[in-house]
Amino acid sequence: MSYWQSLATYNKIGFHRFGVSPRQMSVESSEIDLLNTLDPQAITAIHNRYYPEVYRFARFRVSDEVIAEDIAGDVFMHLLDAVHNSRGPYTNLRGWLLRTTANIVNDHFRKIYNRPKEDSSEILENSSDLYLSQSDPVVISDQAERNQLLQLAIDKLTSAQKLVITLRFGNRFSLEETAQLMGKKANTIKALQYRALAALRQKLGSDLL
Amino acid sequence: MNQRHLDAFDKCMELLEAGIPLEDCFIKYPDLEPEMREILKTAKKVMDLRDEQVPIEAINRSRIKLLSRAKLLVSGKQNTSVFGVQWFIKPIRRIVNGFSRLSPLAGRLVLVSGITGVLILFSSGLVITSAKSLPGDSLYPVKRAVEDISVHLVPNSETRSVYEINYSQQRVEEVKRLIELKRIQRISFEGILESISSTSWIISGIPVNINATTTIVNGPGGTQFFEPGSAVEVEGITNVQGWVVANEIHLREYQYIGMVEKIFTKYWQISGIKFIITSGTQIDIGIQEGDDVTVLVRSEDSGLHALAILHDVHPNVTPIMPQPNLTTPMSSQVPESNIEEDHQITGDLDEISGKYWIVSGQIIYVVGGTHISDGINIGDSISVVYRVELNGSYTAIEIEKIDNDEHPEEYRPRETPESGDESDSQETSTVTINVDDERGESTYTPEHQETPEATEEHQAIP
Numbered sequence: 001m002s003y004w005q006s007l008a009t010y011n012k013i014g015f016h017r018f019g020v021s022p023r024q025m026s027v028e029s030s031e032i033d034l035l036n037t038l039d040p041q042a043i044t045a046i047h048n049r050y051y052p053e054v055y056r057f058a059r060f061r062v063s064d065e066v067i068a069e070d071i072a073g074d075v076f077m078h079l080l081d082a083v084h085n086s087r088g089p090y091t092n093l094r095g096w097l098l099r100t101t102a103n104i105v106n107d108h109f110r111k112i113y114n115r116p117k118e119d120s121s122e123i124l125e126n127s128s129d130l131y132l133s134q135s136d137p138v139v140i141s142d143q144a145e146r147n148q149l150l151q152l153a154i155d156k157l158t159s160a161q162k163l164v165i166t167l168r169f170g171n172r173f174s175l176e177e178t179a180q181l182m183g184k185k186a187n188t189i190k191a192l193q194y195r196a197l198a199a200l201r202q203k204l205g206s207d208l209l
Numbered sequence: 001m002n003q004r005h006l007d008a009f010d011k012c013m014e015l016l017e018a019g020i021p022l023e024d025c026f027i028k029y030p031d032l033e034p035e036m037r038e039i040l041k042t043a044k045k046v047m048d049l050r051d052e053q054v055p056i057e058a059i060n061r062s063r064i065k066l067l068s069r070a071k072l073l074v075s076g077k078q079n080t081s082v083f084g085v086q087w088f089i090k091p092i093r094r095i096v097n098g099f100s101r102l103s104p105l106a107g108r109l110v111l112v113s114g115i116t117g118v119l120i121l122f123s124s125g126l127v128i129t130s131a132k133s134l135p136g137d138s139l140y141p142v143k144r145a146v147e148d149i150s151v152h153l154v155p156n157s158e159t160r161s162v163y164e165i166n167y168s169q170q171r172v173e174e175v176k177r178l179i180e181l182k183r184i185q186r187i188s189f190e191g192i193l194e195s196i197s198s199t200s201w202i203i204s205g206i207p208v209n210i211n212a213t214t215t216i217v218n219g220p221g222g223t224q225f226f227e228p229g230s231a232v233e234v235e236g237i238t239n240v241q242g243w244v245v246a247n248e249i250h251l252r253e254y255q256y257i258g259m260v261e262k263i264f265t266k267y268w269q270i271s272g273i274k275f276i277i278t279s280g281t282q283i284d285i286g287i288q289e290g291d292d293v294t295v296l297v298r299s300e301d302s303g304l305h306a307l308a309i310l311h312d313v314h315p316n317v318t319p320i321m322p323q324p325n326l327t328t329p330m331s332s333q334v335p336e337s338n339i340e341e342d343h344q345i346t347g348d349l350d351e352i353s354g355k356y357w358i359v360s361g362q363i364i365y366v367v368g369g370t371h372i373s374d375g376i377n378i379g380d381s382i383s384v385v386y387r388v389e390l391n392g393s394y395t396a397i398e399i400e401k402i403d404n405d406e407h408p409e410e411y412r413p414r415e416t417p418e419s420g421d422e423s424d425s426q427e428t429s430t431v432t433i434n435v436d437d438e439r440g441e442s443t444y445t446p447e448h449q450e451t452p453e454a455t456e457e458h459q460a461i462p
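Protein sequence lines correspond, in order, to chains A and B.
Take 1 as the starting number for the first sequence in my numbering and just add one per residue.
Take 1 as the starting number for the second sequence in my numbering and just add one per residue.
Looking at chain A on its own, in the form it has when it is part of the complex (with noise of 0.2 angstroms):
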């Protein structure tokens, strides 16, 4: 992908390539020098800090660990291959961390979209006839189903509403913290928030919830 194509991306799905203080500005700029070097205590570092994020971001949107972290994996080689081909991040680490997640998520879901579908309401008829314990392996396959499809109507929404969905509730970040990431501010994140959850509970219906 080129620089002008990856700019556009990072645009259309929200995240603010300035979107960070000058504080941490500094110390991803440092962390960015040393990640240059290819130096294994730099990588490791860098690594142990924002890995947590990443995968969070990814499990959140998928509803399979191991593909998560086959999503988190991918995202730190993807980053040194652009840092090798001078094409990595200059300023916001973080930023182009969860950029490259959200867009490799979004492959991953073009790939599932691209599969023969099931058909999930005929899931949901036969077990919501059933009393079942909360331990029951029935309940929690069906407790699976019902993520997956909230995860797919998560990925149904727009970029922006996929994002700060994700940001706010799958990484736990504060509004302000969204808000820098996406280059807004917290009353703009505040009201696309509330946006995106109405759109979520109109795509899933009343029976999911």
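What the hints contain is simulated information worked out from the structure, not anything from laboratory work.
There could be a bad hint or two in this list.
Derived DSS-like pairs (lysine-lysine); straight-line CA-CA distance at most 27 angstroms [claimed, not checked]:
hint : chain 1 : residue 1 : chain 2 : residue 2
1    : B       : Lys262    : B       : Lys274
2    : A       : Lys111    : A       : Lys203
3    : B       : Lys11     : A       : Lys203
4    : A       : Lys203    : B       : Lys176
5    : B       : Lys44     : A       : Lys156
6    : B       : Lys132    : B       : Lys176
7    : A       : Lys184    : B       : Lys262
8    : B       : Lys262    : A       : Lys111
9    : B       : Lys65     : A       : Lys185
10   : A       : Lys156    : A       : Lys184
11   : B       : Lys41     : B       : Lys28
12   : A       : Lys184    : A       : Lys203
13   : B       : Lys45     : A       : Lys203
Knowing the structure of chain A, use the given hints to seat chain B on it.
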């Protein structure tokens, strides 16, 4: 949805995050319950989706993969840096990264500007250096390519024509320079045939040796022949004796007189010969099939191009003489109302032919009624009163010899060495060094070229 609504929703979200039941939130904001209940329920579901735990095994696996990948990249980097251009790229990358910290766009702009600057400097230097190159030099193809590009980039056809004439003149200068340097080189140039003898011709001041192997290509059907004033193209080799040994000479521009047989959009057939018509072809109004016309022809690789098709109203038609520095008015510049008016030209007499004289590069036809003062020789400064014919040719009315003292202020005579024997009318001296005062440039032509045909014709003039 107002600000209070949003703040209330945010507050409820915080309560939900803290594990407080939804109903407690609605106690605080009872009026918003109908609208927010379902959305908050959705928010709770989304919160439940969250998985806080990050498997430590996953972190370790990822780190190991990452470090092995880094090791691979580092080893690859070292290999490429030995033979590659890392020593050059690294400082540039540092500069770009420095700017990128301020703004990523600035970094890219710096990189693009830098590369563009280097390219411009490099290409400008190359173009400037190549401008002085001669045929056979390594940069000569660059010079020719730049010329071709500049000709193609000119939008105006008149300007393009000026460019082409200038470049054609440069080819002549290059050949002269090669002769001066006594270099043996295959060359090709266009010029004006100044004199003809059995073994050598003078073309734009360059002596061209004609031998048994030289191919001389006449006009279509062999009907057009070489005569002084013709535009010709020479292909040959320069030698150390100061000549060009011609392999082939062909007429480049000449006149062709014939009858129009067929008129098509792209070409005309005139007495059995096809002439290509372009947007630049000047065609006299009213020419029809069956008319006798004079065609000003330019021979190109693609065929015979008609530069102009004129009514054959004058028995003599001026041969085409592309002279970029002409001081006399061109036929196209003469308004129709002035066609019948007399004009005057002063200059050096370059050539005397049976039908015309060449005065400072301009051909002027001499007819029976032309008054010619006595004692005029080649090289003399003369004044010619002439009229412009309908077909653009010049016909002399009166020719007088003028002394240098009588030259008008704007006239600057050329420095012309005198012939070794002034009384010998059979040997004429062509210009040895022409100094153009305005341009300060000198051109070289060999001395004492015999032009018996010209002299004979001179004597034949009444």
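Within a Cα-Cα threshold of 27 angstroms, do B/Lys44 and A/Lys156 meet the stated pairing?
Cα-Cα ~19 angstroms, so holds.
Is the hinted pair A/Lys156 and A/Lys184 satisfied, with a Cα-Cα distance of at most 27 angstroms?
With Cα atoms ~22 angstroms apart, A/Lys156 and A/Lys184 stay inside 27 angstroms; holds.
27 angstroms Cα cutoff - pair B/Lys262, B/Lys274:
Roughly 9 angstroms separates the two Cα atoms, so the pair holds.
Within 27 angstroms, alpha carbon to alpha carbon, are B/Lys262 and A/Lys111?
violated (70 angstroms)
So if I understand the rule, the pair passes when the alpha-carbon distance is 27 angstroms or less; does A/Lys111 with A/Lys203 pass?
Distance of about 21 angstroms is within 27 angstroms: holds.
Would the pair B/Lys65 and A/Lys185 pass a check requiring their Cα atoms to be no farther apart than 27 angstroms?
violated (38 angstroms)
Is A/Lys184 within 27 angstroms of B/Lys262, Cα to Cα?
Answer violated: A/Lys184 to B/Lys262 is near 77 angstroms, above 27 angstroms.
For a C-alpha distance cap of 27 angstroms, please report whether B/Lys11 and A/Lys203 respect it.
holds (24 angstroms)
Proposed proximity, A/Lys203 with A/Lys184 (alpha carbon, max 27 angstroms):
holds (26 angstroms)
Between B/Lys41 and B/Lys28, is the straight-line Cα distance small enough, at 27 angstroms or below?
holds (17 angstroms)
Quick one, are B/Lys45 and A/Lys203 close enough, alpha carbons at most 27 angstroms?
holds (13 angstroms)
Is B/Lys132 within 27 angstroms of B/Lys176, Cα to Cα?
Answer holds: B/Lys132 to B/Lys176 is near 13 angstroms, not above 27 angstroms.
When held up to the earlier numbered hints, the structure conflicts with 4, 7, 8, 9 and fits the remainder.
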